[in-house]
Amino acid sequence: MIRLVSLCLFVLAWQLGALALGPQHLPAPDQVTATFIAEWSSGDMPMNLGLTLMRVLAGFSLAMAAGSALGLALGRNAALDRLVDPWLVIALNTPALVVIILAYVWGGLNETSALVAIALNKFPNAVVTLREGARALDPALDEMAQVFAFSSWKRWRNVWLPQLAPYFAAAARGGLALVWKIVLVVELLGRPNGVGFKMGMAFQLFDLRLLLAYALPFVALMVLAETFVLRPAERAANGWRGHGA
Amino acid sequence: MGGAAMALEIQALSKSFARKNGSAREVFRDFSLTLGEGKVTALLGPSGGGKSTLLRLIAGLEQPTAGALSAPARRIGMAFQEPRLLPWRSVADNLRLAAPGLSEAALQAALAAFELDGRGADYPGQLSLGLARRVALARAFAVEPDLLLLDEPFASLDLGLHRRLRALLAQRIAARAMTVVIATHDLDDALLLADEVIFLGGVPAQVEQRLQLDMPRENRDENLTKLRTLAPFYPSSPSKGDANSGAA
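Heads up: the protein sequence lines correspond to chains C and Z, in order.
According to our numbering, the first sequence is numbered sequentially starting from 1.
According to our numbering, the second sequence is numbered sequentially starting from 1001.
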């Protein structure tokens, strides 16, 4: 209920802001809604929104898979960690824009370069988060698994994965929030379609109605993914904590 | 031990741990010991005296710096100093994971043997330390081990729980033929449970005394005071009392 009131207050503030600033600087909610309906009806928005979501999903999955694998390896191997850590620090501190431009310059303005740029921007965060998870694995439980001759799969499924679940969840939630912002920049700079491309177009035309018509549903989709996919998955992974632990 | 098949032979074993300052902490040097098949051996000694390290070497959790342990391929059950249960799995699942193929009847029997009836669905976080230790022991027995390793199985328990759990353990040991090695610093535990008590001492650790106990286990409870006189050199805790020590 409070959330609904909060949302109504947001729309009201927006309306008041639009009245105060004028439609050139802040289009009113009804104007943005009209543009949204027009874009959706023409089929333009579903196509661009779909392409952007595909890029988010692909870049996010690539970064999570590769980042998790390397993070776990670094957390379990101190020598490898010492070797790779300086590179990781560099990667973490390289601006996203630099990575995107380099990917396009070296790989060309194509879909592969776009996905590499998206994944590379998230990759170091996933590595660092999962490295912490691997470092925190309880060696006592590992020894228990060894004594009772757990197979590799059984150890992974029953000993490691439950301990790593909060780190996967943290990496995934932080990752989604980062990746979708990166995707928009990647599309703005080098793709002929997608929400980022449309926003770039809106900027060139100074069409704030178009900009907001694309921005709001996209943000809403990301919030829905966070609320109905990532958070429930995190709750499921940590469900055992409710049993007195 | 003459004539018995050797369950476990430790030959000229050395084990050192590196300290942070680069020096080595030597726990064993040229340490040799043979343990008889189907016997219950108690390793007795002060804390930090090498008992747990020896158990870990036997379990394969540590590798010797030199020397060898010869043990035929066997099924090992172990109860650690801490219960080491998987907190995200129920009690029943903790047992099933350690003993794959455990039938429902065998699972219930394993739980009942340690008075854990009706606790199968509980999670470790819902258990007291005493119950968690019982689960850890039930898990060690559930694998039907040939070699059972118990590392201070009653540590941190109050006297009542200590006695109750010791009594349960004594029953289970009597019910199944297997080689058992118990690391403890408690003389009474050793006297009430073991066929042989090995006193470890010194740095690096050496066998200082070996004590064979021929008295039937069920008679030891009432003769505990007399048994203690067999090891006058080792301090026992008077607070543990003579009566109702709970091994039988």
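Keep in mind that the hints are not guaranteed to be accurate.
To be verified - Pairs of lysine to any residue, SDA-like flavour, derived with a Cα cap of 25 Å:
| # | chain 1 | residue 1 | chain 2 | residue 2 |
| --- | --- | --- | --- | --- |
| 1 | C | 154 | Z | 1167 |
| 2 | Z | 1039 | Z | 1213 |
| 3 | C | 154 | Z | 1025 |
| 4 | Z | 1020 | C | 80 |
| 5 | C | 181 | C | 80 |
| 6 | C | 154 | C | 165 |
| 7 | Z | 1020 | C | 165 |
| 8 | C | 154 | Z | 1121 |
| 9 | C | 154 | Z | 1056 |
| 10 | C | 154 | Z | 1106 |
| 11 | C | 154 | Z | 1104 |
| 12 | Z | 1039 | Z | 1120 |
| 13 | C | 154 | Z | 1020 |
| 14 | Z | 1020 | C | 98 |
| 15 | C | 154 | Z | 1120 |
| 16 | Z | 1020 | C | 143 |
| 17 | C | 181 | C | 98 |
Claimed, not checked - Chain Z stretches covered by chain C per the calculated footprint, using a threshold of three residues with CB under 8 Å from any CB of chain C:
| # | segment |
| --- | --- |
| 18 | 1034–1047 |
| 19 | 1177–1188 |
| 20 | 1191–1199 |
Hints are computed from structural coordinates only; laboratory data are not their basis.
Since this is a predicted model, take the numbers as computed values, not measurements.
Ideal Cβ placement from N, Cα and C applies to all residues, glycine included.
Structure-based check of each hint:
Restraint check: the Cα-Cα separation between residue 154 of chain C and residue 1167 of chain Z comes to about 33 Å, which exceeds 25 Å; the hinted pair is violated. Pair hint residue 1039 of chain Z plus residue 1213 of chain Z holds up; C-alpha atoms about 11 Å apart against a cutoff of 25 Å. Annotation: proposed proximity of residue 154 of chain C to residue 1025 of chain Z is violated, straight-line Cα distance about 35 Å (limit 25 Å). Using a Cα cut-off of 25 Å, the hinted pair residue 1020 of chain Z and residue 80 of chain C holds, with the two alpha carbons roughly 21 Å apart.
Distance restraint check for residue 181 of chain C and residue 80 of chain C: the Cα-Cα separation of roughly 31 Å exceeds the 25 Å cut-off, and the hinted pair is therefore not satisfied. Distance check on the hinted pair: residue 154 of chain C and residue 165 of chain C sit about 16 Å apart at the alpha-carbon level, within 25 Å; holds. For the hint linking residue 1020 of chain Z to residue 165 of chain C, the alpha-carbon distance of about 32 Å lies beyond 25 Å, and the restraint is violated. Taking the CA atoms of residue 154 of chain C and residue 1121 of chain Z, the gap is about 20 Å. The hint holds against a cut of 25 Å.
Restraint check for residue 154 of chain C and residue 1056 of chain Z: the C-alpha separation of about 22 Å stays at or below 25 Å, so the hint holds. Using a Cα cut-off of 25 Å, the hinted pair residue 154 of chain C and residue 1106 of chain Z holds, with the two alpha carbons roughly 21 Å apart. Of the pairs offered as hints, the one joining residue 154 of chain C and residue 1104 of chain Z holds, with about 20 Å between alpha carbons and a cut-off of 25 Å not exceeded. In summary, the hint linking residue 1039 of chain Z to residue 1120 of chain Z is not supported, as the alpha carbons are separated by about 31 Å, beyond the 25 Å threshold.
Note on residue 154 of chain C and residue 1020 of chain Z: the hinted pairing is violated, with a Cα-Cα distance of about 34 Å set against a maximum of 25 Å. Restraint check for residue 1020 of chain Z and residue 98 of chain C: not satisfied, since their Cα atoms lie roughly 42 Å apart, outside the 25 Å limit. Simply put, residue 154 of chain C and residue 1120 of chain Z have alpha-carbon atoms about 20 Å apart, close enough for the 25 Å limit, and the pair holds. Using a Cα cut-off of 25 Å, the hinted pair residue 1020 of chain Z and residue 143 of chain C holds, with the two alpha carbons roughly 23 Å apart.
About 15 Å separates the Cα atoms of residue 181 of chain C and residue 98 of chain C, which keeps this hinted pair within 25 Å; it holds. Beta-carbon proximity to chain C at under 8 Å applies to 0 residues in the segment 1034–1047 of chain Z; the threshold of 3 is not reached and the given coverage is violated. Counting residues of the segment 1177–1188 of chain Z whose CB falls under 8 Å from any CB of chain C gives 0; the rule of at least 3 is not met. Counting residues of the segment 1191–1199 of chain Z whose C-beta sits closer than 8 Å to any C-beta of chain C gives 0, which falls short of three, so the coverage hint is violated.
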